[in-house]
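S.K.: So that you can map any letter, position 833 of the sequence shown is 835 in my numbering, and since no number is skipped, the others follow by simple counting.
Worth double-checking, as some hints may not be accurate.
To be verified - Pair by pair, the computed Cβ-Cβ distance ranges are:
no., residue 1, residue 2, range
1, 240, 14, 47 to 53 Å
2, 44, 459, 46 to 52 Å
3, 728, 761, 43 to 49 Å
4, 689, 633, 36 to 42 Å
5, 46, 622, 58 to 64 Å
6, 711, 505, 41 to 47 Å
Derived by calculation from the structure, the hints in this document are not laboratory data. Note that beta-carbon positions come from the ideal geometry of N, C-alpha and C, so glycine has one too.
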Amino acid sequence: MTADALPSVPRPAAPHPLDDVRPAPGALAPVATVDTDAPVLSLDGLWRFRWAPSARAAELDAAGRSVEHPDFDDSAWGGIAVPSSFTMPVHDATVGGPHGAPAYTNVKYPFPLDPPNPPDENPIGDHRLRFSADPAFIASAERAQLRFEGIEGAGDVWLNGTFVGSTRGSRLPTVFEVGDLLAASNVLVVRVHTFSAASYLEDQDEWWNPGIIRSVTLRARPAHAIDDVRAEAAWGPSGASLRVDVRAASDAPITAEIAELGLTVTPGIEVAVPDAQPWSAESPQLYTLRVSSGPAEAGGETVETRIGFRTVAIVDGVFQVNGAPVQLRGVNRHEHHPDFGRAVPYETLVRDLHLMKRHNVNAIRTSHYPPHPDLLDLADKLGFWVIDECDLETHGFGDVGWRENPTDGPQWEAALRDRAARMVERDKNHPSIILWSLGNEAGVGRNLAAMADEIRGRDATRPLHYEGDQASVDVDVWSRMYASHADVELIGQGLEPPLGDDPWVKLGPDNDPVALHERRRGMPFVLCEYVHAMGTGPGGMTEYQELFDRYPRLMGGFVWEWLEHGIHRALPGGGTGTFYGGDFGEPLHDGNFVIDGLIAADRTPRAQLADLAAVFSPVVLDLDAEAGVLRVRSRLDHTDTSRYAFHFRVESTVVNGAAGWLVLEPVPPRETREFALADDLLALVRTPGVVVTVEASESDDTAWAPRGWVVARAQVVTTGAADVRPVELTAASILSLSDLVIDDATGAVTALGSQAVEDWRLELWRAPIDNDRGAGWDTGGAPSDAERWESLGLDRLRSRLVSLERTPERVEVVTRIGAAALDWSLTATWVFTAESGALRLAVDLQPHVPEGVDLRWARAGVSFALPGLVDEVRWFGRGPGPAYPDTGQAAHWGWFTRTLDGMLERTVRPQESGARADVRWARLAGASSGPSSALEVVAPEGVALTVRPWSTETLAATTHDHLLVRDARTHIVLDLAQHGAGTAACGPGVLPQYQLHARPLRGVLEFRVS
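Sequences and hints are given; from them, build the entire structure.
M.R.: Spelled out as structure tokens, the structure:
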């Protein structure tokens, strides 16, 4: 359709009351984001800024003028970057005075639940900008529009002393018509209130961090402006089709074309597009749709938007795009920057999405609000499936039984419909968006049905998602968060309990549980949040992915979450620290629960990101030496494996460098092929003493990764402990029993030859990881692992020497280990012998557990310290990154070298981390103080090796990483067994097969000094 201009909107006389739940008047109707040839003036940059504890406390200037007056004297104000969150510490220098502080809560509101009223303690940030508009711009700006992409909080806007309008909906655009107010010299004033009635809709597990958080632009609107474009680009069995609808400011002729296809489209008519290729996340084919009302010099406008041909459908309970099932291997992504808050620079956004692609992420949930529009442009271009989520969460009402929840109050319906409409209209043309989400953790209520109705009335081409609708009344896919593996398997099998028996379901009086259950059974299922990536962990990723691969009903899931939300602040002694909830004086906060991501706030990847990449690999490789084949299973949905190259290499202590390419036929989507190994490669994988690795990698450079970037790996390992010591190392010293020094009073080792040893002990405890501190959702209210270990006294063990016997052939030490005030115990027998020039230790652990005591350990390991700080660690085992029993999917077999710092996996809140798994040989060398000898350890059955410059006790007692102080010793733990990580910080605990229950254990270690 054409000549359907956006209607002008009456300009309100005064700011929208902060306690008014209705949408703020004065803004234009929402439209799609497009590129235009009409003049656009960016107003981003340095603005004048003043903070006040409330609007009432905002001072007049010396002449008695208020802030909106064009001549208001702001010369004493500081400056602030726009866009940014004004409470961030980075503004300390430029503002030169108070500017508030960020506050973090997960669920609880930081003000009384008194809807719709905001608190009187309601800080404001006044922003002022002087800018010029040249005559040419003004002449082409008959209906000029002032566009705010997002104001966190509630904004009031004045231009040249005239009130323009107010904003509500922090992560949604607001556009005002201001052509009649423009002059050559202009003063724009924006007052941002921290809280308003709209704050009750934005309780989203993040920092309360107000400000002008997205770009501000002034856009000329010519006489024949193109006001809006809707492109429905579909793909079906017969190919592509396209319908373009246009809203324009006049009856000027409209042309619509896709030059790449030689296609001209008449608006309002669906046409076949015979030469188009489909869009998918694997093959994101885009075309430029150009819509024009004539040349600019004649008052016309030309706009462009990138479109992709694809169709979303649910067929027999399976989620499909373009007729093929789709699996979502996704992440949740909040918008956060450690310096600028919610204002994320474009280059940081690009880095985010490139990192995701590098690590095999194919889907993004925009938790819990529509993202910056640049993200969707990049998702279209790079290839991601996107759940676009509405700016809605009322989680804190759950703490009061959902009384007065806005999602059920009729007075809030218009505001919620408005938010849904603005999301859909802004983002409707993006092919990457395959689901609309009504919001997050907002309970249930009549307004959700109204939002669903609003969205379907505007776009019927995409299904609806909302996790809170467990009865699935208003949605098209069933969604849960942090469901256990067992629950997910039942759902995949279609064997979930009847809806009326489901404890997660809240039924209304008019709901028929039987009918709703049958309806829900016909829906695909998605985990909108799972494997909470907080601190060390998460565990259980592999087991979830196996379920997604096994059951077609399971669409996949979105890991919580992409990045940590730490905030940078200068430290008194220099440098920068990372801070979390409670560090800014908030009386109510949720501590470090905001530090939960696959990457750090500064975008440094954490170990779990590499693990995620291994779990999410687009192809799964299995190198079967016995059968003599390489199996390649494709997880791709729309393309074959021809984009990947396959390479092998062979490593050993004697010969490295045997390598070559494998020429494999492409494997079709979701199929498995077996390829026989060539005779020479088959001989290599059956050779003793080698590690053979086959990798799949990008065969060409991509926007996000260079050629050769590895996406999948398989290995065959034929080495033993005897053949892994690198041959280039000098021979180790010969050690005899006389080189073993033991404290006669305690039985502790104090020296191994020339190498002094301190604090020798058996370690059963670890500095609790974040997941240890949480009570698993699947444990029925049982204590957390950390609480259990504390109650068992694992952090306060005492050792008693039972016996110490020396003979020419052996030294045997027996110790009894227990905890104060408790009667469980453990007998440790330490037998030392001298064999092949090494000191050999056989350690035997026998627990004594009284009836009724559930004795669990965090670890079982030999712990000691070396004087001085080790400079280099070399090992054979799995690496290069850390691994625990249920993590470390990226840790592969090989020989690795790291500095001491390279062995550390730093976490904002210190905790157990950094263990290398299945280590059969290790060498710790080059102490910067103390003896210059190197200590070598051989573990025939493999141990987990942890090397760090702090003790376990120091880690546990320290609240922030920057407060850790090295104690001039290298602390080493050689674990025979470990407890898994799980995801109990938010979700299920450690799976049974990865739990460490007290049991007899035996291990052998050999020590050499070189």
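S.K.: Next, verify each hint and record whether it holds.
M.R.: Here is what the structure says about each hint:
no.: 1; hint: 240 x 14: 47 to 53 Å; in the structure: 50 Å, holds
no.: 2; hint: 44 x 459: 46 to 52 Å; in the structure: 34 Å, violated
no.: 3; hint: 728 x 761: 43 to 49 Å; in the structure: 29 Å, violated
no.: 4; hint: 689 x 633: 36 to 42 Å; in the structure: 21 Å, violated
no.: 5; hint: 46 x 622: 58 to 64 Å; in the structure: 45 Å, violated
no.: 6; hint: 711 x 505: 41 to 47 Å; in the structure: 44 Å, holds
Going down the numbered hints, you'll see the structure goes against 2, 3, 4 and 5, while the others check out.
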